[in-house]
Structures are given as C-alpha cells and as structure tokens.
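Chemist: These are the residues of each chain, in order.
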Amino acid sequence: MARMISYREAINEALAQEMQRDPSVIVMGEDNAGGAGSPGEDDAWGGVLGVTKGLYHRFPGRVLDTPISESAFVGAAIGAATRGLRPVAELMFIDFMGVCFDQIFNQAAKFRYMFGGKAVTPVVIRTMYGAGLSAAAQHSQCLYPIFTHIPGLKVVLPSTPYEAKGLLIQSIRDDDPVIFCEHKALYDTTGDVPAGSYTIPFGEANVVRDGDDVTIVALGRMVSVAEQAATELARSGVQAEIIDPRTTSPLDTDTILESVERTGRLVVVDEASPRCGMAADISALVAQHAFGALRAPIELVTAPHTPVPFSAALESLYIPDAQRVVNAVKTVTSWER
Amino acid sequence: MPKWGLSMTSGKITDWIVAEGAEVSKGDDLVDIDTEKIAGALEAADSGVLRRIIAVVNEDVPVGGTIALIAPAGVPESDIDEAARLAREELDSGAVEEVTGPVTGTVQVGGRTLSYATLGDGAETVLLVHGYGGDKNSWLFVQEPLSAGRTVHAIDLPGHGESGKDVGDGSLDVLASAVLGFLAAQGIERVHLVGHSLGGAVVVAAAAREPDRVASLTLVAPAGFGDAVDAGYLRGFAAASSRRELTPHLRKLFADPAQVTRQLAEDLMKFKRLDGVQQALDALLATLLDGDAPAIDAAPLLDKVDAPVVVVWGRADQVLPVTNAAALAGQAQVHVVDDAGHMVHMEQPGAVVAAVVGAVEAAAGGS
Chain A
1 MARMISYREA
11 INEALAQEMQ
21 RDPSVIVMGE
31 DNAGGAGSPG
41 EDDAWGGVLG
51 VTKGLYHRFP
61 GRVLDTPISE
71 SAFVGAAIGA
81 ATRGLRPVAE
91 LMFIDFMGVC
101 FDQIFNQAAK
111 FRYMFGGKAV
121 TPVVIRTMYG
131 AGLSAAAQHS
141 QCLYPIFTHI
151 PGLKVVLPST
161 PYEAKGLLIQ
171 SIRDDDPVIF
181 CEHKALYDTT
191 GDVPAGSYTI
201 PFGEANVVRD
211 GDDVTIVALG
221 RMVSVAEQAA
231 TELARSGVQA
241 EIIDPRTTSP
251 LDTDTILESV
261 ERTGRLVVVD
271 EASPRCGMAA
281 DISALVAQHA
291 FGALRAPIEL
301 VTAPHTPVPF
311 SAALESLYIP
321 DAQRVVNAVK
331 TVTSWER
Chain B
1 MPKWGLSMTS
11 GKITDWIVAE
21 GAEVSKGDDL
31 VDIDTEKIAG
41 ALEAADSGVL
51 RRIIAVVNED
61 VPVGGTIALI
71 APAGVPESDI
81 DEAARLAREE
91 LDSGAVEEVT
101 GPVTGTVQVG
111 GRTLSYATLG
121 DGAETVLLVH
131 GYGGDKNSWL
141 FVQEPLSAGR
151 TVHAIDLPGH
161 GESGKDVGDG
171 SLDVLASAVL
181 GFLAAQGIER
191 VHLVGHSLGG
201 AVVVAAAARE
211 PDRVASLTLV
221 APAGFGDAVD
231 AGYLRGFAAA
241 SSRRELTPHL
251 RKLFADPAQV
261 TRQLAEDLMK
271 FKRLDGVQQA
281 LDALLATLLD
291 GDAPAIDAAP
301 LLDKVDAPVV
311 VVWGRADQVL
321 PVTNAAALAG
331 QAQVHVVDDA
341 GHMVHMEQPG
351 AVVAAVVGAV
361 EAAAGGS
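Chains as they are written, first to last, in our numbering: chain A, 1 to 337; chain B, 1 to 367.
The hints are simulated quantities; they were obtained by calculation from the structure and are not laboratory data. Just so you know, not all the hints are guaranteed correct.
Said to hold, decoys possible - Straight-line Cα separation of at most 30 Å, BS3-like style, residue types lysine-lysine; simulated pairs:
1) B:272 x B:252
2) B:12 x A:330
3) B:165 x A:53
4) B:272 x B:12
5) B:252 x A:53
Stated by the list, open to error - Computed beta-carbon distance windows for the label pairs:
6) B:36 x A:236: 51 to 57 Å
7) A:275 x B:94: 43 to 49 Å
8) A:20 x B:82: 44 to 50 Å
9) B:333 x A:250: 51 to 57 Å
10) B:232 x A:250: 44 to 50 Å
Even glycine gets a Cβ: it sits at the ideal position worked out from N, Cα and C.
Construct the entire structure; sequences and hints are all you get.
Modeler: Structure representation (structure tokens):
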C-alpha cells in the first residue's frame with residue numbers, strides 16, 4: 001500500500017530502524033542533535049537540514065554533536081568503526097570533504113587491503129551534494145566522482161525516498177566504508193516507502209523506465225530530470241529507457257551495456273562537472289564494450305566546467321534540465337553518418 | 001475506472017473491446033486498462049447498450065472517473081447526451097471524487113501481525129488467501145467484483161505482504177492457524193474460503209481443523225493435490241536476488257508472458273528485499289518441496305470437509321500443471337480455464353469470480 005514519505009523522512013527512518021536493531025550503530029556530526037549539552041533546547045536542529053531530528057532523544061548517548069572539525073570527527077568515526085562500532089557520520093556538505101581526504105582515502109579505504117582482509121571499517125559518511133539552493137560554489141558541488149575513483153570506497157547516490165532508505169540500511173550493514181551522497185534538492189520529494197526495514201544491494205541499477213529507442217543513464221537528482229524528458233519525448237514517439245545506477249561504486253555495468261546493446265544510443269545525464277566524471281566514465285565503458293552496438297555518438301549532458309554560480313539565474317542555467325536531455329536524445333536519434 | 005489494488009490511483013484506456021452502440025451483457029469484457037502494476041480487462045457491471053464512450057484510448061483516467069455510459073436502449077438520446085457532457089466535464093476538470101478502496105488493517109494472531117484488506121459489507125463473508133510469494137493485492141481483479149453484496153477480506157499470510165515475516169517452522173499448520181486466528185479475531189463464524197496455490201492447501205488445512213466455520217471452498221490451482229510441480233520455479237523464485245534473475249521465473253506464472261511487467265517484477269523485488277522475507281521464503285520452500293516433488297498432501301485434509309468445493313485451474317499452468325486436478329475428481333467441481341496459467345485470478349479473473357459465486361450459491365443449498 002502506498003505510504004508516501006519524504007526523502008528526509010526515509011533517511012531518518014533508516015537510521016532509527018538500524019539504531020533500534022543494532023546497538024553498535026551511532027550517529028555523529030555537526031548539529032546532529034543541535035545544541036546538546038548547552039543551555040536551551042536539546043535536539044534543536046537534527047543536522048543542518050533536520051535529517052537526524054528526533055534520534056537524540058530516542059537513542060540516548062548515541063547521537064553525538066561534534067566540533068566544527070570535519071577531519072577530527074570523520075577520523076574519529078573511522079577509528080570507531082575499526083573498533084567495532086558502526087558509526088554514521090554526517091558531513092554537512094560534500095564540499096568540505098577535502099579536509100578529511102587522508103582519513104578517508106588513505107586510511108578507511110585501505111585498511112581491509114593493508115591488513116590482509118583482517119580489518120573491517122563499517123563506517124558510513126552521509127553528506128549533501130548538488131546545486132539548486134543558491135548555496136554558491138563552496139556548498140553546491142557534486143564531488144562523488146572523486147570518491148568513485150578510490151578503490152576501497154563504496155559510493156551511493158539515492159534518487160528517491162525508496163532508494164534512500166534501502167540503500168542507507170545496506171550502507172550501515174556493509175563492512176566497508178560508504179560515502180552516502182544525498183542531493184539537497186531531494187529532501188522534500190516524496191515517494192512510496194515500505195514501513196519495514198529492507199536493503200537494496202549495491203551494484204544493482206534500477207531500470208526506471210523501459211524503452212527501445214535510447215538509453216539514458218542518469219544519476220541522483222538527474223533521474224527525475226530524465227523522467228521529465230522521457231515523458232516529453234514519448235509525445236513525439238521516442239521511447240527512452242532510463243537507468244539509475246544507484247551506486248557509482250560498485251557500478252552495474254551489465255545493465256547499462258545490455259540496454260545500449262538493444263537501443264544503440266546512449267545519453268548520460270549527470271549534474272557533476274564534466275571532466276573525469278561519471279558521464280565520461282560510463283561513456284568510456286560503453287564505447288569500449290558496446291562499440292559495435294552504437295548507432296550514434298554518445299551524448300553527455302552535464303554541468304559546464306565552471307564553479308557553481310551563486311546567482312539563481314545562472315545556477316538554473318548551470319544545472320542540466322529536461323530540455324537539454326530532450327535535445328541530446330534528439331541528437332542521437334536523428335544522427336546520420 | 002475501477003480501483004484494482006490499494007495503490008492504484010488512475011488507469012489508462014488501451015483498447016475499447018466493445019464499440020459504441022453495441023449490446024453488452026453483465027460480465028462481458030468491455031475495455032482494456034493499463035495500470036502502473038498490471039494490464040487487465042474491465043468487465044461490464046451491468047447489461048444494456050454501450051451508449052457512449054467517454055474516455056478515449058490512451059487517456060489516463062483517475063479511479064472513479066466515468067469512462068463510458070451503459071444504459072437500456074430506451075433511455076432518450078438527450079438524457080445520454082447530458083450525462084455524457086457531465087461525465088466529460090468531470091474528467092476534464094480533474095475533480096473526480098475519490099473512490100474508497102479496500103479498508104486495510106492488522107490483527108494480532110499468536111504473536112504475529114496479520115495485515116488484511118476488506119471490501120464490501122454483505123451478509124456472506126469471503127476470505128481470499130494468496131499463494132507462495134504473493135500477497136493480498138494479487139486478488140486485485142477479483143476482490144472488487146466479489147464485494148457486490150458480500151464482505152470480502154484478503155489477507156497477507158505470515159511472511160508475506162505487510163504481515164509479520166516470522167513463519168515459525170513454515171509448516172502448513174502455522175499458516176492455517178493464521179487463517180483461523182484471523183477469522184476468530186474478526187468474529188467471523190461462517191466463511192467462504194478461497195485459496196490460490198499454497199493458499200489453496202492452507203484453506204483446506206484450515207477447513208479440516210474447523211469444518212463448522214467453513215461454508216464453501218474455492219481452490220485456485222491449489223497445492224497439495226497431484227504429484228506434479230515445477231520445483232525449479234519455486235527454487236528460482238526464492239533464490240532470485242535481482243529483477244533480472246526473477247523475471248524469467250515470473251514468466252512461468254502466466255499463459256501470456258507479457259503479463260510480467262517491469263513493475264510487477266520490481267514490486268516483487270521490493271517484497272524480497274524486506275528484512276525476514278528470505279528466511280520466510282526458504283522455510284516455506286521446505287514445506288512445499290520434497291526434493292523435486294510436492295511435499296504437501298492435502299487430499300486427506302479435504303476428506304474432512306463437507307462443504308461444497310469448487311476448483312479452478314488454468315489450462316496453461318506451468319507451476320502446478322492442470323493434470324494435478326485429477327486428484328480432486330469426485331470431490332469437487334473442476335473448472336479448467338483457457339488462456340490462463342498459474343495466476344488464473346489475474347489472467348482470467350471472471351472465471352475465478354464465477355467459481356466463488358458458484359461455491360457461495362452451492363453452500364446456500366440453491367444449486
């Protein structure tokens with residue numbers, strides 16, 4: 001039965017159900033409670049966008065406000081994970097991740113390998129990414145390709161409330177470090193989410209829409225943009241298949257390749273900047289492994305290679321929209337040698 | 001526009017089977033409708049002439065919207081015109097009054113939460129029990145037509161749908177206890193039981209334990225009779241961990257494999273991803289299979305039941321082949337249905353509705 005809740009509520013529910021199930025799960029981050037221990041209201045914030053609201057009182061001692069020092073608390077979460085806890089650290093904006101690269105890239109991602117498989121690091125770093133709130137160049141980036149580049153990390157991009165809950169529970173139960181990327185413009189979107197706990201396996205793409213004319217691979221928030229474009233395209237008789245990889249590492253290449261082998265055309269839609277990103281990566285995979293099936297050059301719809309503009313007018317031009325996806329599809333479907 | 005299942009909010013007309021001006025009889029296939037979940041044919045709810053088609057092919061219509069007008073030939077054309085104009089206006093305004101679908105609820109039975117959906121409020125009570133891996137929504141085409149003048153409950157067996165996922169040892173007895181517990185919790189003293197596949201064996205087991213409570217039995221491709229089963233289907237369904245693995249198995253459920261939509265497979269994967277479901281399916285698999293043979297023998301249980309028994313079987317059933325029906329000869333009326341696989345109630349719902357109505361009438365001592 002339809003039970004509509006928001007992306008924010010889905011994440012909160014996943015955290016609550018896992019904390020209930022497993023006492024080793026803890027939550028930590030800046031303002032995750034909000035003012036805990038200081039005069040005034042406890043649990044005033046629940047994180048900067050209220051995602052962890054309510055957990056502080058339900059799980060005493062297991063929701064920790066941290067100092068504004070990302071390198072310190074992300075390092076602490078990784079250390080705690082090596083000692084048997086399952087910490088979920090909230091790093092407010094993915095843009096701030098740079099100050100913890102050593103802890104993440106060189107420590108968390110490497111422990112399993114460096115210690116011959118004897119060490120596990122079951123840490124989840126939840127973080128917000130993406131443009132759309134006029135939060136300017138230092139608070140709006142899509143940096144998940146950087147984490148996807150590092151072997152030893154798992155990288156998750158939920159596109160809907162259903163995906164958010166199931167993928168977060170999977171992330172918490174996974175024994176490897178997971179970077180869980182939440183698009184800030186998705187928090188108030190709603191969808192049908194089961195009340196019980198469930199997991200969505202990593203590396204299994206979701207085919208959001210079936211079609212035979214073109215394959216659109218879209219990531220995170222771009223999945224709904226691709227759906228708008230597909231609805232528009234269907235009016236002119238073009239049936240687009242939409243694939244949401246759900247995780248960029250591991251990446252479900254089989255589902256993408258099988259689709260392109262059938263449609264012969266590929267458009268990749270990604271909000272990240274274009275160089276060394278998922279769009280380039282996925283198009284290279286397809287060019288290498290399904291070249292014979294391609295009936296037109298691959299089209300990439302990404303943001304331009306610039307910092308994200310603060311100006312709302314410029315920012316809305318920066319973010320890929322449905323019209324750009326429609327245009328890209330028309331380019332590949334009308335292409336002639 | 002009918003409401004087929006709890007989550008349906010609108011449906012798309014894909015084909016009008018009957019042309020404007022043609023005579024229709026109650027139960028005739030009228031129009032093909034596509035929903036997010038499944039495609040099906042809507043049967044005429046009344047006899048008369050199809051005077052006007054309101055919703056055209058490819059139109060999306062909210063549940064409860066008027067899609068056509070059926071009236072006796074004698075109704076003046078001007079009245080029909082006026083009714084058609086109002087119906088069209090309502091669709092165009094988008095302000096279609098919401099139809100109340102089944103009422104859902106839960107009961108606690110032996111420490112387990114059982115979820116159910118109820119439609120209608122007649123004197124006779126019908127309980128629909130799904131099969132292995134199914135849920136109460138699998139009766140979407142059957143529950144609504146049966147609810148005219150009857151109270152029709154559909155439950156989620158333990159381990160399924162929105163019910164608790166603990167199935168204990170997974171035995172038939174646990175499942176039958178859940179059914180009887182539901183009846184007791186709801187204060188239902190007389191019931192017409194309808195079971196599909198594993199649910200068929202479950203309702204037989206329930207009837208054998210409390211025969212006085214059971215007014216009739218309708219068994220749709222029931223487990224527990226005959227010695228043929230596609231064990232590969234059952235194991236494949238239990239083991240599949242992605243939509244890609246699951247889909248080929250699902251195609252065995254239908255005479256027309258096109259019934260297996262992406263949405264159907266995705267909904268089943270959503271079920272399979274829930275905590276506890278894998279353990280439940282594995283436990284029930286051991287109840288269903290002994291090696292590659294059926295492990296349930298429901299025939300001795302049926303001997304304890306005096307109530308009328310009606311059996312419906314799809315001629316193209318690949319999971320529990322129709323040859324199994326021979327084991328019921330002499331004990332029940334058996335209706336073999338063309339163009340139906342294992343999921344008779346989804347592919348040929350009219351045949352299942354007719355069978356249940358027949359069983360209810362037989363119990364009343366009529367025919």
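Chemist: Next step is simple, just say for each hint if it's right about the structure.
Modeler: Hint check:
1. B:272 x B:252: Roughly 18 Å between the alpha carbons, so the hint for residue 272 of chain B and residue 252 of chain B holds.
2. B:12 x A:330: Distance of about 27 Å is within 30 Å: holds.
3. B:165 x A:53: With Cα atoms ~29 Å apart, residue 165 of chain B and residue 53 of chain A stay inside 30 Å; holds.
4. B:272 x B:12: holds (28 Å)
5. B:252 x A:53: violated (47 Å)
6. B:36 x A:236: 51 to 57 Å: With a Cβ separation near 23 Å, residue 36 of chain B and residue 236 of chain A fall outside 51 to 57 Å, so the hint is violated.
7. A:275 x B:94: 43 to 49 Å: holds (46 Å)
8. A:20 x B:82: 44 to 50 Å: violated (59 Å)
9. B:333 x A:250: 51 to 57 Å: Hint holds: Cβ distance 55 Å, inside 51 to 57 Å.
10. B:232 x A:250: 44 to 50 Å: violated (29 Å)
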